[in-house]
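K.L.:
Sequence:
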Amino acid sequence: MNTLHLTDEQLILVEHALDFYSRIGIGQFDRIKDHPTFERYLEDYCRPKRDPQVGDRTPQGEILEIKDGKALINGSL
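In terms of our numbering, the sequence shown opens at residue 1129 and continues consecutively.
Check each hint, because a few of them may be wrong.
Claimed, not checked - Listed next, with one range per pair, are the computed distances between beta-carbon atoms:
id, residue 1, residue 2, range
1, 1197, 1154, 41 to 49 Å
2, 1184, 1131, 44 to 52 Å
3, 1180, 1156, 30 to 38 Å
4, 1192, 1152, 39 to 47 Å
5, 1179, 1129, 50 to 58 Å
6, 1143, 1178, 30 to 38 Å
7, 1134, 1198, 38 to 46 Å
8, 1168, 1133, 21 to 29 Å
Read the hints as simulated data drawn from the structure, not as lab findings. All residues carry an ideal CB built from backbone N, CA and C; glycine is no exception.
Kindly produce the complete structure, drawing on both the sequences and the hints.
P.N.:
Structural data, given as structure tokens:
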């Protein structure tokens, strides 16, 4: 018998991977997009690799102005 020693972070990663894998196996594809690791992957994959610019779309809305390192977004005060 083997013993596996994991940190808390590693244990959480294994738990998420097994949950994700089991959902694929039972066909819960609609639930996969809500999985925390998949959300993080999409966010990292879709995030632009450059600094935001006026006119860019963000999850909060369109950037209207950038002043002093802060963005004014459509719909914000």
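K.L.:
If a hint holds in the structure, say so; if it doesn't, say that too.
P.N.:
Hints, one by one, checked against the model:
As the Cβ distance of residue 1197 to residue 1154 is approximately 46 Å, the hint placing it in 41 to 49 Å holds. Distance hint for residue 1184 and residue 1131: a CB-CB separation of about 50 Å, consistent with the stated range 44 to 52 Å. Between residue 1180 and residue 1156 the C-beta distance comes to about 35 Å, which sits within the given range of 30 to 38 Å. Residue 1192 and residue 1152 have their C-beta atoms about 41 Å apart, which keeps the hinted 39 to 47 Å range intact.
At about 53 Å, the beta-carbon gap between residue 1179 and residue 1129 stays in the expected band of 50 to 58 Å. For residue 1143 and residue 1178, the hinted distance range of 30 to 38 Å is satisfied, since their beta carbons lie about 34 Å from each other. One distance hint, 38 to 46 Å for the beta-carbon pair residue 1134 and residue 1198, holds here, with the actual separation near 41 Å. A C-beta distance of roughly 25 Å is found between residue 1168 and residue 1133, which places it inside the suggested range of 21 to 29 Å.
In the structure shown, no violation is registered for any of the earlier numbered hints.
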